[in-house]
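*Asks:* Sequence:
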Amino acid sequence: GAVCADAFDFWWNAVEAVTIGQPDGEEVKQVLTRRSSLVVNKCETITPRVHPAAYGEIIGSAVGSEGSFTIRDPQILPLPGVDPFALLNSCVGARRHLGGPLMTFFKELRFRFDRCDKNRLMLLTSTVFANWVVRICWLCKVKVFSFNVVEHFCHQPHVNAMKGRICAEVFDFWWNAVEAATPRTD
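So the sequence shown is residues 1 to 186, counted in the working numbering.
Source of the hints: derived by calculation from the structure; they are not laboratory data. Hints are not guaranteed to be accurate.
Said to hold, decoys possible - Listed next, the in silico BS3-like pairs over lysine-lysine satisfying Cα-Cα at most 27 Å (straight line):
no., residue 1, residue 2
1, Lys118, Lys141
2, Lys141, Lys163
3, Lys107, Lys118
4, Lys163, Lys143
Stated by the list, open to error - With beta-carbon atoms standing in for the labels, derived distance ranges:
no., residue 1, residue 2, range
5, Trp12, Pro183, 39 to 45 Å
6, Thr104, Val133, 31 to 37 Å
7, Phe10, Asn176, 44 to 50 Å
8, Pro157, Asn131, 23 to 29 Å
9, Gly164, Ala130, 26 to 32 Å
10, Leu79, Phe10, 50 to 56 Å
11, Gln75, Trp11, 37 to 43 Å
12, Gly99, Pro183, 15 to 21 Å
13, Gln156, Gly99, 31 to 37 Å
No residue lacks a Cβ here, since even glycine has one placed at the ideal position from N, Cα and C.
Please construct the entire structure, taking both the sequences and the accompanying hints into account.
*Replies:* What follows is the structure, given as structure tokens:
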């Protein structure tokens, strides 16, 4: 397409300028702008089709690249009827509340999160994040993004704001997801 030709022309000129190695800056500038590029007023917008990868699904290669890969790890999902993001607000209606030294549990989760493979964690929980945009933590009044949701749950002011009303099933879900994404050191 026209945009690709424009980018190709730019990089062709840039590589040519470096390989020529002209000492005078003006001559290099002339080499960089020597080839003309296509001017594009409007490009067709292409919306990518995004869906979570299923266990055993073969992911096709992108256009122009070779190979494909298979998702070998099953998705980690919360129990039916459990909102994995219930920790963004106080879990008043939880079936089972997390008891004991709460801050210790969240510090350990944060420690494990720091050691886990973040890309693997996103792959394992991609179904959970399928409709994720940006969520608001109503307890802390901040935006929470998919890459920092576990960090936010473990933040001490957030845990304090929950006032002990923490859904054990949701905590277990995130604990298991982080544990599955942590490389084994056997």
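*Asks:* If a hint holds in the structure, say so; if it does not, say that too.
*Replies:* Against the structure, the hints come out as follows:
1. Lys118 with Lys141: Holds, at roughly 25 Å.
2. Lys141 with Lys163: 16 Å, holds
3. Lys107 with Lys118: 17 Å, holds
4. Lys163 with Lys143: 20 Å, holds
5. Trp12 with Pro183: 39 to 45 Å: 42 Å, holds
6. Thr104 with Val133: 31 to 37 Å: With Cβ atoms ~32 Å apart, the hint holds.
7. Phe10 with Asn176: 44 to 50 Å: 48 Å, holds
8. Pro157 with Asn131: 23 to 29 Å: 27 Å, holds
9. Gly164 with Ala130: 26 to 32 Å: 31 Å, holds
10. Leu79 with Phe10: 50 to 56 Å: 52 Å Cβ-Cβ, so the 50 to 56 Å window holds.
11. Gln75 with Trp11: 37 to 43 Å: Once the Cβ atoms are compared, 39 Å apart, the range 37 to 43 Å for Trp11 and Gln75 holds.
12. Gly99 with Pro183: 15 to 21 Å: 30 Å, violated
13. Gln156 with Gly99: 31 to 37 Å: Violated, at about 18 Å.
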